[in-house]
Amino acid sequence: MSLREKTEWIKDFRQRFDKEIELLYAIEPFWNICNLCSDGYCCSHKTYLAMQSHGNPFSTEEWFLQLEYVRDSFTPEQQKQLLRNILSPRPACIFLFGNRCSVHPARAWACRVHPYVISYYPASNHLFPVGEIALPSCPAMTTSFDIKQGALVVQQPKPLERYTEGNLIKIKLRKRKPIWVIDATPYIAEYQQRVPRQLKRPLSDCEELLEIARQAGGKDEELLVRYIELSQGLIRLPNGRVMFGAT
-6 MSLREKTEWI
4 KDFRQRFDKE
14 IELLYAIEPF
24 WNICNLCSDG
34 YCCSHKTYLA
44 MQSHGNPFST
54 EEWFLQLEYV
64 RDSFTPEQQK
74 QLLRNILSPR
84 PACIFLFGNR
94 CSVHPARAWA
104 CRVHPYVISY
114 YPASNHLFPV
124 GEIALPSCPA
134 MTTSFDIKQG
144 ALVVQQPKPL
154 ERYTEGNLIK
164 IKLRKRKPIW
174 VIDATPYIAE
184 YQQRVPRQLK
194 RPLSDCEELL
204 EIARQAGGKD
214 EELLVRYIEL
224 SQGLIRLPNG
234 RVMFGAT
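With the first letter of the sequence shown counted as 1, position 93 gets the number 86 in the working numbering; the numbers rise by one all the way through.
Source of the hints: derived by calculation from the structure; they are not laboratory data. One or more of the hints may lead you astray.
[Stated by the list, open to error] Listed next, the in silico BS3-like pairs over lysine-lysine satisfying Cα-Cα at most 27 Å (straight line):
hint : residue 1 : residue 2
1    : LYS168    : LYS141
2    : LYS163    : LYS141
3    : LYS12     : LYS163
4    : LYS12     : LYS170
5    : LYS165    : LYS151
6    : LYS168    : LYS151
7    : LYS163    : LYS151
8    : LYS12     : LYS165
9    : LYS151    : LYS12
10   : LYS(-1)   : LYS193
11   : LYS165    : LYS141
12   : LYS(-1)   : LYS12
13   : LYS141    : LYS170
14   : LYS193    : LYS4
15   : LYS141    : LYS151
16   : LYS212    : LYS73
17   : LYS170    : LYS151
Please put together the full structure from these sequences, using the hints given.
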């Protein structure tokens, strides 16, 4: 599959998974606390998938779709804010504007799954340990789970019940009554098969990714291009071409 074919598949994949999230919110009121987030905590602390620097959880395809959203939806001032975020020493995601995600409709897979997903599939990227769920250190949830802010508590609960629709299961966590979560096993298996991590990729993928970065970067396109090069482990060759590195 070409880069564009993969991104079209991801769009459909996201829509299917988002329906699971909607169903979860409908039957498990507790998770609506995420919709009321007041500080964008999980977008600015490295205990969360989207902020883990190891392995860069944003795939090339996801960067392409996020930058496509920036190109098509951002005003010139928003483009400038994005570039200011890149230059800032803060630890937060570059797409976090104030306390809200500026690319929420196009946010990456790692951003969509936290904190209400568990998987029983042996994912190769280690972001989803088999049968484990990491309780969030989000200040809004620490009291409910009786954990300290800044801590990451991992449990291995077994399914108690499966919902009649979708892939929702009920699990029992320590310090809390049973709660519904999404069993993302089939999604993770499908994602890894369709969008595997690649150490070597076609030059065309690299060129398409950097071109969309130029289009999204506005007047300061080269700054955004260089950021994408670094975040994706790209290396610039003596002849000026850029290739995916071995990172």
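Right, here's what the structure says about each hint:
| no. | hint | result |
| --- | --- | --- |
| 1 | LYS168 - LYS141 | 13 Å, holds |
| 2 | LYS163 - LYS141 | 24 Å, holds |
| 3 | LYS12 - LYS163 | 18 Å, holds |
| 4 | LYS12 - LYS170 | 25 Å, holds |
| 5 | LYS165 - LYS151 | 7 Å, holds |
| 6 | LYS168 - LYS151 | 15 Å, holds |
| 7 | LYS163 - LYS151 | 9 Å, holds |
| 8 | LYS12 - LYS165 | 23 Å, holds |
| 9 | LYS151 - LYS12 | 23 Å, holds |
| 10 | LYS(-1) - LYS193 | 16 Å, holds |
| 11 | LYS165 - LYS141 | 19 Å, holds |
| 12 | LYS(-1) - LYS12 | 20 Å, holds |
| 13 | LYS141 - LYS170 | 19 Å, holds |
| 14 | LYS193 - LYS4 | 24 Å, holds |
| 15 | LYS141 - LYS151 | 24 Å, holds |
| 16 | LYS212 - LYS73 | 9 Å, holds |
| 17 | LYS170 - LYS151 | 14 Å, holds |
The structure agrees with every numbered hint stated previously.
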